[in-house]
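Between the sequences and the hints, there should be enough to build the whole structure, so can you do that?
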Amino acid sequence: MIRSLTNVRIATADDLPAIAETLADAFDGNAWTRWTVAADDHRQRIRALQLLHVEKLGLPFGRVWVAQGGSAVAVWMPPEPRVPEHVWAELGPRVEELQGERASFAAAADVLCEAHKPAEPHWWLATVGVRPDLQGRGLGTAALKAGLVEVDRSGQPAFLETSDERNVRLYQRLGFEVTAELDIPGGGPHTWFMRREPGTTHRG
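The opening residue of the sequence shown carries number 1 in the UniProt record's numbering; numbering runs sequentially from there.
Hints listed in this document are in silico derivations from the structure and should not be mistaken for laboratory results.
Each hint should be verified, as a subset may be incorrect.
[To be verified] As a list, the in silico DSS-like pairs of lysine-lysine whose alpha-carbon atoms are at most 25 Å apart:
hint: 1; residue 1: 117; residue 2: 56
hint: 2; residue 1: 145; residue 2: 56
hint: 3; residue 1: 117; residue 2: 145
[Stated by the list, open to error] Distance windows between CB atoms, simulated:
hint: 4; residue 1: 185; residue 2: 165; range: 17 to 23 Å
hint: 5; residue 1: 113; residue 2: 38; range: 15 to 21 Å
hint: 6; residue 1: 87; residue 2: 120; range: 19 to 25 Å
hint: 7; residue 1: 10; residue 2: 92; range: 23 to 29 Å
The beta-carbon is built from N, C-alpha and C at its ideal position, and this holds for glycine as well.
Set out below in structure tokens:
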């Protein structure tokens, strides 16, 4: 019922402009992006980064769910996605360029976070965002639940990181549990690492 009421579906390339705008708005001011993306033209940098990742990774190699025409977005990457080396080679320099003077901080933070990922194959919630003016209406939850159906069918765990404490409780209601917490050195954001076993019952 939730899925039909919120028009949740798999995204296509036609959704990219709306997806980029939604994620740019959702992550403008986010603690993680403030730490890892340069302040000048910050929103435009975020928009370009999100567009790059969804277009080059999410759509071709993952699952991108949208609700209400892209007003909410959830990007999942499957276990061991087969991303060609040339894609990574293309992405690396562009990502660093968009991160600007914060690129080295982003790289260092990524190394620290990598240590907290599950060792076994798992689904990764790469990003999720909702237009700020539509938050609190269940759109993000609907997009997440659509992806979790596929996760559960696979019989494999799911993993995510978040630097927004408000989201921890939301993820817990969806069956995720905090497995570790980390303060990024040098004044970076506090980050939660969360895992969900397949078939975990949603709590509300």
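Hint check results:
| no. | hint | in the structure |
| --- | --- | --- |
| 1 | 117 - 56 | holds, 22 Å |
| 2 | 145 - 56 | holds, 24 Å |
| 3 | 117 - 145 | holds, 21 Å |
| 4 | 185 - 165: 17 to 23 Å | holds, 19 Å |
| 5 | 113 - 38: 15 to 21 Å | holds, 20 Å |
| 6 | 87 - 120: 19 to 25 Å | holds, 24 Å |
| 7 | 10 - 92: 23 to 29 Å | holds, 27 Å |
Consistency note: the structure conflicts with none of the earlier hints.
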